[in-house]
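Undergrad: Residue numbers (the numbering used here), protein chains in the order written: chain P, 14 to 366; chain D, 54 to 168.
No lab work stands behind these hints: they were computed from the structure.
Idealized CB from N, CA, C, for every residue including glycine.
Don't take every hint at face value.
Pair ranges (Cβ atoms, derived) [stated by the list, open to error]:
1) Ile129(D) with Glu203(P): 20 to 26 Å
2) Val150(D) with Asp196(P): 47 to 53 Å
3) Thr36(P) with Met157(D): 54 to 60 Å
4) Pro64(D) with Ala258(P): 35 to 41 Å
5) Thr107(D) with Ala258(P): 17 to 23 Å
6) Met157(D) with Glu203(P): 47 to 53 Å
7) Leu28(P) with Val150(D): 55 to 61 Å
8) Glu144(D) with Tyr233(P): 41 to 47 Å
The calculated DSSO-like cross-link candidates involving lysine-lysine, where the alpha carbons are at most 27 Å apart (straight line), are [to be verified]:
9) Lys221(P) with Lys255(P)
10) Lys350(P) with Lys255(P)
11) Lys224(P) with Lys81(D)
12) Lys81(D) with Lys221(P)
13) Lys350(P) with Lys174(P)
14) Lys224(P) with Lys255(P)
15) Lys224(P) with Lys142(D)
16) Lys221(P) with Lys89(D)
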Amino acid sequence: MSVLERALRFPSNALEYTNILLTTNDAVIGASPREVVWTHRETTLYRYRSSNRRYAVPVLLVFALINRPEIFDLRPGSSFVEFLLGEGFDVFLVDWGYPDEEDADMGLDDFVCDELEWAVRETLRASGQDELTLTGWCIGATLCAMYCGLDRGPGRRAPVKNLVELTMPIDGRASDYAKWVGDDDFDVDEVAEQWGSVPGGAIDFANKMLKPVTNFWTTYRRLWDGVQEGTARPEAYQTMAKWVADNPPFPGRAWAQWIRLMYRDASLLRGRVRLRGRLVDLSRIDMSVLVITAGADHIAPRPGTMPFFDLISSRDVEHLARPGGHIGLVAGSAARKELWPSIAEWLAERSDG
Amino acid sequence: MADRENGAGSPEEQVRALFEEAESSAAKAFEQLVSKPSFGRLLAMSAENVAAVTRISFDAVDLLWRNLRLAGRADIVRLSRQLHRTEDKLERVLQEVEILRDEMARERDEEKARS
Chain P
14 MSVLERALRF
24 PSNALEYTNI
34 LLTTNDAVIG
44 ASPREVVWTH
54 RETTLYRYRS
64 SNRRYAVPVL
74 LVFALINRPE
84 IFDLRPGSSF
94 VEFLLGEGFD
104 VFLVDWGYPD
114 EEDADMGLDD
124 FVCDELEWAV
134 RETLRASGQD
144 ELTLTGWCIG
154 ATLCAMYCGL
164 DRGPGRRAPV
174 KNLVELTMPI
184 DGRASDYAKW
194 VGDDDFDVDE
204 VAEQWGSVPG
214 GAIDFANKML
224 KPVTNFWTTY
234 RRLWDGVQEG
244 TARPEAYQTM
254 AKWVADNPPF
264 PGRAWAQWIR
274 LMYRDASLLR
284 GRVRLRGRLV
294 DLSRIDMSVL
304 VITAGADHIA
314 PRPGTMPFFD
324 LISSRDVEHL
334 ARPGGHIGLV
344 AGSAARKELW
354 PSIAEWLAER
364 SDG
Chain D
54 MADRENGAGS
64 PEEQVRALFE
74 EAESSAAKAF
84 EQLVSKPSFG
94 RLLAMSAENV
104 AAVTRISFDA
114 VDLLWRNLRL
124 AGRADIVRLS
134 RQLHRTEDKL
144 ERVLQEVEIL
154 RDEMARERDE
164 EKARS
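Only chain D is shown next, with the shape it has when bound in the complex (with noise of 0.2 Å):
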């Protein structure tokens, strides 16, 4: 009670804010840590590594499966980006149809307002 009185608080109180200190320290340590420019080389060199170890997975699993004369990523990639193509050459159709059909409604509204 005495200690409630002085503001320590119950046992239980005291483990909590002990445990949120410490648990404040350490996110103020690992902010500290994660900032370090070295921890930017590791973690920029862990990057590059897992990138190039997917790749050679993929390419490896990629050339098993197109030995085996079945469509790999690489051909539904390459399907993929063909058909990207001919979508952007439709958008672009689509936008000159638009435009030209404006302008005729334009064209044929201005002819009705001088008839």
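Same shape as in the complex, but just chain P (with noise of 0.2 Å):
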């Protein structure tokens, strides 16, 4: 295209440019047909219900406590609910709410041994099943790491037939993160209590922050070049940018523990972490384990979930090391054809088809 074509066509373009920014919210995510399982608090447990379901065992999906589990359902055509509903598996989803500052004193305990707990429970009731596949993305993912190495007694186990790690951090004492929070001299109690919960922007400003040109210029940057190329997706752009933009707040007492278990003390790695008086003990995860990592992956780099494999007690455990970013592994337009047919093949497997 000529410089004088570019010019002639910059105010329409201009125009569908400002169009696409302007109408992101009008976005609709996460549009596959749902019901609401069970609530407490901020927590809803949705089902997913299969035309075609083949498997018994159904999926439990837990995504992290910062942005909206809406990543697992983006839009029709690249949802990773749709996918695994086509695959014949019945689909639950736990989300966390909009936690506000009367839920500043929720700790990761309440979120692992109450919350998730109780979602495990419900899924298990409404599906008729005696044991499910947890699969968590993130923080999600250490959560569910957390509830399956939880201590329930002798002779006692997490009712989990297989457990599905997306892009999990477990050591994060090399990330940027740690250079930010890590020391000492940032008092998170203090920030916390201030705060109460922390505001979701705050945390995706501090997300953002870890690739700055990136987040605030090329991501613009490249959609401008799309426009003027006739190549732009406005819905795959709008609908990653309308979650992206969707923080909810972070409880704040929870907030402090994962700094300091994550980025101070690695106390998970030392099976140090004690929920309500219960150690968490990864050793205790003996159930079939797949673990998904990302290459470019800069807020969970792949060799802080590496430590989880010397830690777990499974015999049946694989690893899916894969190029791509932490978000955009499993949710990006290339998921559909790679990654999601390996987890559905992985869970076929092991889902009493």
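Join the two chains into one complex using the hints; note that each chain is given alone, in its own frame.
TA: Structure follows, in structure tokens:
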């Protein structure tokens, strides 16, 4: 395209570009039909019914405490939930909701020992099964690992048949986050107390600051290039942009615990985490485990996940080391053809089909 | 044309390549910058200050509001926490009821099987 052509097309391109940006909030995400199974405080358990259910073991999806779980069901044609339903799985999803100041006292113990424990219980009741597949992503994956490693008394184990961990941080001490918040000079308890629940916008800003030029400039420049060349996919951009901008607050107590556990003590590695007095020992994880790591993950870098394999006692362990970023690996346009079929294949062999 | 054959491209392409190179260099430079401990300290202090200022502002507005005998944010939070505590208790009671109901159903089935 010549310079003159570009100049002539500039007004219409500028109009299209601003239209995409300004109507981002109108994009529909998480559109798959679902029903509420259970609610408690801010937490909601949803069920997505499969019309061609082939596997007995239900899949429970657990996302992080930051951002929204709609990333599992971004848009028709690019939805992990939709894909699993198509493959014949019975899919449930935990939504942590929008915790506010009144939830500031919620800690990781509340999320693991109450919310997740009860969500698992309700999933099993609703599906009529004794065990399920627990699928966690990001902090959600760490919460799932903690849930499976929780002391339940002699001879008792978590009712989890399969554990799928997507881009899971276990030791964050080597990440850039640790350089920001790993130092004792940064008083996490004080910040948590002042803020109550840490605003989602602040956490989003910190996440974006890990790659400032990419997040604050390149994303918009690429969209502009796409508009100019006629290759822009407004729907794809808008759904992802809307999801990225939707940031629920992080309950203060849980946030402070997370910083200490992940970026200061790495206490999960040392088996020193106790939730309500119950020891979290990852060697209790003896079920089938699938771990997926992303080569270009700057939020949960692969080396921070690798110690997990030395801690668990499972005999059936598989690691899919793929290229891609923290979110793009599972929600990107290539995931449908590359990663999701691999996950479905792994699950199919272990879900009593 | 000679330039194009040599792989140099049109002036427009050259400008574009230069721009992308500059963008990539800037991205790397900024990533290095944010990974410095000094930047971390700056960010941490800023976060502490913003949190404190937010809290002070909220407290001041809340004080004014409550002196007007209107429910402030603190009152609403306190009320919400009480609701949460009640919901926690209700959830536990519901779970107990469900467990008892399951046990009774099991016993009933066993009795039926025996008779």
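Undergrad: Where does the structure disagree with the numbered hints, that is, which hint numbers, in rising order?
TA: 15
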